[in-house]
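Protein chains: 2
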Amino acid sequence: MQTKDLVLGIDIGGTNTAFGFVDRQGVVVLSGALPTQPRDSADAFIARLYDHIEASKRGLVFPYRLCGIGIGAPNAHHSRGTVENPPNLNWGQKVDFAALIRHRCPPPVSITNDANAAALGEMLFGGARGMQHFMVLTIGTGLGSGIVVDGRLVYGASGFAGELGHTVVDPDGRPCSCGKRGCLETYVSAPGLVKTALELLESQHKASGLRDMSHKEITSQKIFELAGGGDVLALAAFDKTARILGMKLADAVAHTSPEVIFLTGGVSRAGDLLLKPAQTYMNTFLFGVYRGTVKLLPSALPPGESAILGAAALIWSELTL
Amino acid sequence: MQTKDLVLGIDIGGTNTAFGFVDRQGVVVLSGALPTQPRDSADAFIARLYDHIEASKRGLVFPYRLCGIGIGAPNAHHSRGTVENPPNLNWGQKVDFAALIRHRCPPPVSITNDANAAALGEMLFGGARGMQHFMVLTIGTGLGSGIVVDGRLVYGASGFAGELGHTVVDPDGRPCSCGKRGCLETYVSAPGLVKTALELLESQHKASGLRDMSHKEITSQKIFELAGGGDVLALAAFDKTARILGMKLADAVAHTSPEVIFLTGGVSRAGDLLLKPAQTYMNTFLFGVYRGTVKLLPSALPPGESAILGAAALIWSELTL
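Residue numbers (this note's numbering), protein chains in the order written: chain A, 34 to 354; chain B, 34 to 354.
Rather than coming from a laboratory, the hints here were simulated on the basis of the structure. This structure is a prediction, so every number in the text was calculated from the model and none was measured. Hints should not be assumed to be uniformly reliable.
[What the hints assert, rightly or not] Residues from chain A shown here face chain B by an in silico Cβ test under 10 Å; the list is partial:
no.	residue
1	K90
2	H111
3	S112
4	C138
5	S143
6	A190
7	L197
8	M280
9	L319
10	V327
[Stated by the list, open to error] 20 Å max Cα-Cα, derived SDA-like pairs, lysine to any residue:
no.	chain 1	residue 1	chain 2	residue 2
11	A	K90	A	S64
12	B	K273	A	P204
13	B	K273	A	D205
We put the beta carbon where it would ideally sit given N, CA and C, even for glycine.
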């Protein structure tokens, strides 16, 4: 039996961490997951992660070679290999995460933030194959973005380019966990959608299934289900979210003029409920020369695997070049 | 006497067109200008331009070789060589401008929009020498921008990347000549500054030299002079303009994370009156990871020559590579 080349892709989220062994064609041959446990130190987390990975490896019942480890993590800095001030994690100001992993594993280790990883995944294994200019937005608990220009991920002078979640929608708007006000991710994210629905419940008198729920019960998933059934208020919450998203996407197009903007992450699974009105609003906000040059599409990667594929793409893209 | 290599740089504006012969070191050895006459067809304009250039050439009293012609023009498309729907010019929907010039002149002809030319000029001859990530904003009658990522001008999928003048400040805001509302250039430009001053005259009761002028007499230059003398209302107009500029620059940083943002064009000559408050506001609107990574600076090119140098840089950058 031929030895199979594999890359370990690890996606570290605020709540869960997923990992998987990915071959050169982008097939996840084995995967696993563990709770991130945000109170853990980085060391403690890595020890647990390592145990999980070692246990999983036993499932690889064919000869293989591990070619590298790619990691997607919040606030990761690609060239420094660090994770810096990650929101919701007790890892301190700066952890040399790549070094900590390398300490235990010999092969090449590379790290970047989750949205950049998603963009690389889309480029290598998804809908952006062969594309020179595109962008990926991950919309879930927060809003992240990875921007590709001339076939390369944009890191910029700081190494942190592409934090569209913290562009300004309204300078006097909703407080953001980053300390600023009115950031895009306070409107376009799972908590943002919930907040918009709650505001509409207060300000409008339309009947809605949301009125039968306690505030605690109202989640983005519930709003999605109600909107799918035609609930007027839930639909209005999606429409308002889509308008803000469309407006800021038009701004993004004015910067780097992508051919496609891909949406991924939990909230993007609302599909056409978000995508269609966002595309319409984006077109109305687009400067004339851009109209007809840019599409808004769902990620072409399987939702459950896109984060792992993105992390693995970080290594595969370097090995394939 | 040694033959000198020269590039002809042409900057076409809505009112005036300037041109100059530029050597490899970025010295303008001879320059000229003519009114653009917006009602002229592109053909008629080029015939006049050609006559002016031929007449100027007589001033080149040393042996030289013309290595190419670089052109900065509104709504120019670099790879197509076209000027498309230029605002304030009677050139129709699409003119193959590079071909029309090539028809009369043998050497290589290259065209791009004026803000992209400004960015190339800054990179070759100005403050961005050796820089990988920066941005140039030209603030005058309108607001244009040229974005450089990884040492290369960003053109994007449409070829028109970097139209920051048409990002949205307020979706219900001032009507823009582009047909949208609340575009950045309706606030941050010479006419935008005047409009802001007029609004402040209406809404505030502070004493101001502006109250002694007719609306027609109030120009950005007058507001600049009054602000320099401490006029509270004129200063407030600059402050409001700087706040909007700072907010949208922070958004721009979140996209491509430049090391420096250079300001050029008529309004930017207000210098510290605009630059200092814009820098302060930008910092308050910046997402944490970007703070301290980006500077706002005036262009290092001589104001009267920057547009010509930019246009010439279009050819020199291709010849130097």
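Hint check results:
A distance limit of 10 Å between C-beta atoms decides the matter here; for A/K90 the minimum to chain B is near 35 Å, and the interface restraint is violated. Of the supplied interface hints, the one on A/H111 is violated, with its beta-carbon coming no nearer than about 12 Å to a beta-carbon of chain B, more than 10 Å. Taking 10 Å as the C-beta contact cut-off toward chain B, the hint placing A/S112 at the interface is violated, the least distance being around 12 Å. Taken as an interface hint, A/C138 does not check out: its beta carbon lies about 27 Å from the nearest beta carbon of chain B, beyond 10 Å.
The criterion of a C-beta within 10 Å of any C-beta in chain B is not met by A/S143, whose closest approach is roughly 18 Å, and the hint is violated. Hint on A/A190 holds. Least Cβ distance to chain B is approximately 4 Å, under the 10 Å limit. Annotation: interface hint on A/L197 holds; nearest CB of chain B at approximately 6 Å, less than 10 Å. About 5 Å separates the beta-carbon of A/M280 from the nearest beta-carbon of chain B, less than 10 Å, and the hint is met.
Nearest Cβ of chain B to the Cβ of A/L319: about 8 Å, under the 10 Å cut. The hint holds. The beta carbon of A/V327 comes within 7 Å of a beta carbon in chain B, closer than 10 Å, and the hint placing it at the interface holds. A hinted pair counts as satisfied when its Cα atoms are at most 20 Å apart, and A/K90 with A/S64 qualifies at roughly 9 Å. As the CA atoms of B/K273 and A/P204 are separated by approximately 13 Å, the hinted pair is consistent with the 20 Å bound.
About 15 Å separates the Cα atoms of B/K273 and A/D205, which keeps this hinted pair within 20 Å; it holds.
When the structure is compared with the earlier hints, violations turn up for hints 1, 2, 3, 4, 5 and for no others.
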